[in-house]
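Undergrad: Construct the complete structure from the given sequences, taking the supplied hints into account.
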Amino acid sequence: MFSSAITFVAIWLFFKTFLPSAGYRWALLVAILANIYMQFHVSPQSVGLVCGILTLVALEKADSRWKAVAVLLFAYIIISHPTTAFIVLSAAGLAWLLRMLLVKGRKILAEPLPLLAVCWLAWSFLYASPFQQGVAGLASTPLTTPTVPVTGIVLLDVWIAEIAKRLTGIFCWAPRMRFIVLGVFAIGSVYYLVRQWLNKANRGQKLLITYTGFLVAPVIMTLMDITFIRTGQLHDRYFLFFLLVASILLVRLVQESSHLIRKNGFLLALVFLTLFSFTTVYYQSSLFIISDETVSASKFANSNTASQVIGGQLVPDLADPNQSACLRQSRFYHLYPEPLASFTVPAVIVFDDHDRLRYQVWYGIEQYDFYADEVELGADFDKLYSNRRYNMYWFPGDGD
Amino acid sequence: MPSLNFVKSTTDYHQQASPHSPARRKLSLIFFFSGLALAIASCAGYSINYIPATYQFGLIQMLSPLFWFGFALCLLSLLEGINRDKEGVFFIKALLFSVLLWNIPVLLLKNIYFWDSYSHIFEATPIMLSGHIPSASETLPNLFRYYPASFPGYHILLTSIFSITNIALLGFAKS
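Heads up: the protein sequence lines correspond to chains A and B, in order.
Under the numbering used here, the residue at position 142 of the first sequence is numbered 142, and the numbers go up by one with no gaps.
Under the numbering used here, the residue at position 140 of the second sequence is numbered 140, and the numbers go up by one with no gaps.
By construction, these hints were calculated from the structure, which means they are not laboratory data.
Nothing here was measured: the structure is a model prediction, and the numbers come from that model.
If a hint is listed, it holds; no wrong ones were tucked in.
Capping the alpha-carbon separation at 30 Å, the derived lysine-lysine pairs in DSS-like fashion look like this: (1) B:110 to A:299; (2) A:16 to B:86; (3) A:206 to B:86; (4) B:86 to B:26; (5) A:299 to B:174; (6) A:16 to A:200; (7) A:206 to A:61; (8) A:61 to B:86; (9) A:61 to A:16; (10) B:86 to A:263; (11) A:61 to A:107; (12) A:206 to A:67; (13) A:16 to B:26; (14) A:16 to A:263; (15) B:174 to B:110; (16) A:206 to A:16; (17) A:383 to B:110; (18) A:107 to A:67; (19) A:107 to A:206; (20) A:61 to A:200; (21) A:263 to A:206; (22) A:107 to A:200; (23) A:16 to A:67; (24) A:16 to A:107; (25) A:263 to B:26.
TA: In structure tokens, the structure reads:
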């Protein structure tokens with residue numbers, strides 16, 4: 001709750017800074033309803049979101065104290081959430097480069113962007129973990145295991161062919177609705193920017209250059225992530241940031257209309273469109289929810305310390321972390337296509353219906369079914385535990 | 001083709017906001033806070049433990065009509081005041097509206113919404129126990145080394161909050 005409140009304050013400052021007119025209120029409302037990619041749970045990305053937005057706000061202010069705040073915030077993001085650092089640096093960096101080329105003022109040279117870039121590069125080269133280096137495109141080895149698709153569920157919102165393949169029979173409407181909303185936002189934003197750039201009088205406008213940097217950099221970075229960096233981690237941040245910026249551009253586009261009734265009609269239509277987007281905000285909740293059955297099954301697996309754990313979505317034991325089954329757990333996608341029968345150590349095999357759904361949507365249902373079939377047909381697997389959603393089987397291993 | 005006149009826009013910002021009449025402002029606020037109260041009250045009896053995969057819109061599909069009525073009142077009040085409300089009033093309304101929408105899982109669910117929350121707290125526990133970020137040479141399970149090393153700033157912040165406040169970990173993650 002606290003995280004959502006401070007995120008709102010950060011977004012409010014973002015819109016007040018980058019849309020200095022009464023229209024910021026419309027853009028804020030549109031963004032609140034449209035931006036289904038924001039996350040507020042206890043996680044690095046929720047803190048990264050607040051700090052990332054505030055960094056961009058602070059960089060835009062003329063006061064040198066704000067610039068110092070921007071450097072401190074960015075330093076925190078570098079060591080806290082590299083994905084956010086990457087998008088902030090790419091968006092602000094492109095805007096800064098464009099300003100250098102098009103405006104050519106001395107003040108631009110004095111901005112702290114090069115310092116941010118040096119901090120980021122120094123951390124990425126000298127201290128960063130393999131994950132952070134991967135995000136920076138510096139990892140020497142691939143980040144994800146080959147069987148895990150680099151296309152996370154967020155990308156399914158725009159990858160229509162994959163929606164049809166993976167989500168048929170599960171989620172039909174929500175990804176398609178998101179696709180339409182994202183499409184309207186993308187077309188509207190690009191149309192607005194092109195119109196403004198075609199007008200020669202606008203080309204030196206600082207805000208137009210900033211909008212362009214903010215809109216173009218995330219698209220380039222998303223494409224780079226999909227094609228070269230292949231972390232599978234980045235695109236949801238880019239979608240999130242894109243929707244923030246696109247909200248501003250769409251409201252600006254609508255406000256260009258001089259006809260008051262038409263303008264208000266379009267703004268209301270935009271809010272109505274984002275309501276559709278909002279209804280999809282928790283559509284994947286059946287994938288992520290923690291049920292009482294999850295907690296009970298996890299307690300059982302945590303207490304069974306003598307074995308490996310294979311499969312299932314379990315929660316750790318926070319009172320005694322070292323007992324947690326997560327520390328001894330392999331997922332099916334780690335093992336596939338190696339059969340369980342080849343295991344030499346005792347193992348608890350976990351199946352749960354939410355996890356099955358995740359494989360169907362995310363990793364590939366054939367992996368889950370491969371192990372479910374092996375356990376069903378094999379003689380070496382004894383049922384150890386069962387509740388309404390979880391089934392656990394004991395496999396003694398070859399040595400037994 | 002219109003040009004980007006940001007100076008004019010900034011001026012408009014102060015000129016366009018035509019204030020409410022006191023009666024209208026009061027009515028708008030009554031609408032908003034009634035809607036907010038209705039939406040929150042409509043979630044009071046919920047303690048959802050499971051969301052069927054057949055629910056195309058997940059958690060949103062489990063909200064009662066009363067919630068949507070409250071939601072509509074809040075949204076109408078926001079729209080009605082969007083060009084008229086004073087800055088402070090608009091800020092408070094938009095803040096409360098956002099917090100309502102973004103905390104639907106907190107209002108409805110029995111357990112923590114997202115297993116990711118559990119994981120990130122879990123990954124901070126070795127720092128709480130040892131007082132430092134695990135180094136690569138320490139013989140710890142991968143989960144305890146990989147995540148704190150990948151997001152060190154975040155895990156230090158989390159550990160500091162837990163250590164200073166002594167807050168219950170699960171309660172913190174749920175709220």
